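Chemist: Each chain, written out:
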Amino acid sequence: MENTCSQTPEQDALITERQHSIVTTGNTKTSINCTDDSLAGSVSQRACVFCGARVVLNPVTDAVHLVHGPIGCAAYTYDIRGSLSSGSEMYRRSFSTDMKEKDVIFGGEKKLAACLAELAEKHHPPAIFVYSTCVSGMIGDDIVAVCKEASLTYDIDVIPVESSGFISGNKIVGYRAAGEALLRLITPKEGEVIEKTRKLNFLGEYNLGGEKWVVERYLREIGIEINVAFTGDSTVKALKKAPGSCLNIVQCTGSMHWVANQMYEAFGIPYLDVNFFGAENTAESLRKIAAFYDDPEISARTEALIEREMQAVKDVNEKYRKSLEGKRAAIYVGGAFKAFAIIRQLTELGMEIVLTGTQTGKKTEYERMGSLLNEGTVIIDDANPAEIEKFLIEKKVDVMAGGVKERFLAYKLGVGFIDHNHDRKDGLIGFEGAIRFTKEVYATTCSPVWKYVRHEYGETDQ
Amino acid sequence: MLDCTPKGPVDTHKTGTINPIKTCQPLGAMYAALGIHGCLPHSHGSQGCCAYHRMALTRHFRDPAMASSSSFTEGASVFGGAGNLKTSIKNVFAIYNPDIIAVHTTCLSETIGDDLPTIIKQSEIPEGKYVIHANTPSYHGSHITGFSNMCKGIVSYLAESDGNPKKEQLNIFPGFVNPGDMREVQRIVTEMGIPSIMYPDTTDVMDSPLLKTYEMYPSGGAKIEDIRDSGNSKLTLALGAWSSAEAAAILQDKCGVPGVPLKLPIGVKATDALIMAVKDGFGVDVPASLEIERGQVIDTMIDTHFHYQGKTVAVFGDPDLVIALTEFLITLGMIPKYVITGTNGKNFEKIINEMLEEAGIEGSKVKAEGDLFDLHEWIKEESVDLLMGNSHGKYIARAEDIPLVRVGFPISDRAVHPLMPVTGYRGCLRLIEMISNTLLDRRDRDAADEDYELVL
Ligand code: SF4
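If you're matching them up, the sequences are chains A and B in order.
Each residue of the first sequence is one higher than the last, beginning at 1 in full-length UniProt numbering.
Each residue of the second sequence is one higher than the last, beginning at 1 in full-length UniProt numbering.
Keep in mind the hints are simulated off the structure, nothing from the lab.
There could be a bad hint or two in this list.
What follows is a set of in silico ranges between Cβ atoms, one per label pair, in the way DEER data are often shown [as the list claims (entries may be wrong)]: (1) A/E325 <-> B/T118: 55 to 63 Å; (2) B/Y452 <-> A/D273: 29 to 37 Å; (3) B/G80 <-> A/V144: 25 to 33 Å; (4) A/D273 <-> B/E74: 30 to 38 Å; (5) B/D303 <-> A/G326: 55 to 63 Å; (6) B/D162 <-> A/D142: 50 to 58 Å.
In this text the structure is predicted, and so the values were computed from the model without any measurement.
For every residue, glycine included, the Cβ atom is placed at its ideal position computed from N, Cα and C.
With the sequences and hints as input, model every part of the structure.
Modeler: This is the structure we're talking about:
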């Protein structure tokens, strides 16, 4: 397909104010801007504080998640998370106070209290998370007080999550609000003692498509138990045992570094960064964890597992490498840890990364990203569709890894697509996830459908 | 989720909403705005909403939905969003170069009380370009209200009358339906030989073909000059009371074009009504081609009536759709046992109850401003043979082992539906096909070996 950019050249898709949010490896001296608010008027792919808090907390399976605001915020997050549960399905229901005009004028606290009463009495959840949204924050509803009151009346944890969307355009602020809520939940009540164990907590793992279960299986094989994940397939009861762990491993750093630091300070639990996306990363992470336990038995089992699984991955990758070698890829995902993993995996398949970016990357993460990439690769923070479009065309991209809003843009440009979003249901973690990823990359990059796109009318043979 | 109701006797909840059948106004406004050619919808509020609406539309239509945001942060929330909107308008024209920006508010900018008409007047708008707006607070109504409000905005800003005797052309407000439905309605009217102006018109925007180049503003959408000219039309048909009636009323007031409110043309009766309105309005005959189509529907109904007649069905979704669909289901001899919408409006219950009464159907439950939790509780008490509604119904369908026919918005787990009509006679055939085949599939699945038949 002959593609021209839908933007006229003089506009060139690049807003001057955004110049510093886009760098090219090798030839830009300045470092990337990534903490700026999105420009007013841009078509940003970013979401809001509420969204950040909601994605982090939502996988707590037996809690009621009550969104305090007009219906929209709750409706858009109604079961769109791919987190699986081994027990309760409570978390997948969409609870909202559904604020109306009169609540906005007279305040929504009464309605919130009434909802909490009905939910507590009817559903008996062990905890209710109450999310504030733009409107409830704006009109100044005191959700902290209402939650406290309900907590005392019904003797369950009713935890406010201060996530009004307008506080910032950056989801990270919402991650922090979720982190605060989690700490509030797990901090032992006065006089309560949590028994110390040799188990670890898995922070920043949301059990998308059962991903937590995969890692849990690996760890069990090498002799290590997961206490609880934050927050994939977790329950309120299990989370409350978190302070008893000997180690926190952190995968999604954007959402959980802060929590890990707090837990170190409060409970003395050290943490390690891990990344189970991609075979090499998985092996490295397992080794790191084994080294922490410093037990020859664990180390031996770890090496055996890695050897066995790596062989399987190698076999698959070799099979597909032939078709994928030299193809050009773009990556635009939410967090940097995912970008790192995808860069590595695609590079292992012989593909060339020509464009990367994230919604919420930090400066140091972008620097590290730059060091992983060949010269000439474009790196974008908070990209808008016009920029993505421009670079997909300019860099003649064959396949893109991204989230739901990028999918159809890529397709329209004749570019293959791999979903690496927080709502996917097929896990991509661990060795088996690496294999699935390779197969997906192959399926979309080499699909016969592109023959119909890239050729003249009536010609479809390559 | 699969079993989403608490144990114990049926007791629908009294506070809040659980598992909504609606979403908020801005989404509807964004969808309506996408039905103007060369338009970039703009969400005046914080980024989250805009991202969510784009995502929700993208999931349903499987096409990119572009829209910009005023990107409110705390500053805007304290000092008002005027600065953000002016900067946005400047930036959007400079970067994305649309013909028109359609601004809608969010609950946040409404709560702050931003005065949009004034801010727009004070903004720099390039020669020949337009900025229009609609107030769409999320704490009132639903996405259907937002769709209606943006339609009103389009009329108030753009439609004009030259004051000459009216032209032999028809305006159509299609309601919140898929592009496939809009195309079908246009086809019927064209078949009758009447030139028409439809807006919003999302054909070739949200079902855009993959051609050689990608366009940020696809070729579809109602042209501004046509919208302007709609003030000179002879007649307006407003399809769907919730989504279209108010815009038609404004056009009537503003330009003197008489507006006829109709149901969404789903089902034989409602399609007949559409065709009769065109026939009466323009004094044309119904062409043989449409009579043949209608005859095919009747013929098919006879061929299939025993598949579905007497079966009970639960219908949920947007009010205009549910009303027309319920009418059709009654025509098919089905029994709408539960009829529910998330949107408010007292008329909903009245209209449905009258239809049921006329058909002699007793014991049905009807509710406006309900949710899927209510529906699930009812179904637990007494089940039905078929569910009809959007994808969110799939959990009830599975938990209670009831087949689901997907119709309405949003449908996030099936493809092709935005291109296929449920309106017009063709839509009747498609609905019959879906209903019949779904029930027959179920029958095959449940049949004992000795009852498993080749011919059904
Ligand atoms: S930006 Fe505000 S109103 Fe919009 S979805 Fe986020 S919290 Fe809700």
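Chemist: Each hint: holds or not?
Modeler: Results of checking the hints against the structure:
Distance hint for A/E325 and B/T118: a CB-CB separation of about 59 Å, consistent with the stated range 55 to 63 Å. Between B/Y452 and A/D273 the C-beta distance comes to about 58 Å, which lies outside the given range of 29 to 37 Å. At roughly 27 Å, the beta-carbon separation of B/G80 and A/V144 lies within the given 25 to 33 Å, and the hint holds. Distance hint check for A/D273 and B/E74: the Cβ-Cβ separation is about 31 Å, which falls inside the suggested range of 30 to 38 Å.
Taking the beta carbon of each, B/D303 and A/G326 are about 56 Å apart, inside 55 to 63 Å as hinted. B/D162 and A/D142 have their C-beta atoms about 57 Å apart, which keeps the hinted 50 to 58 Å range intact.
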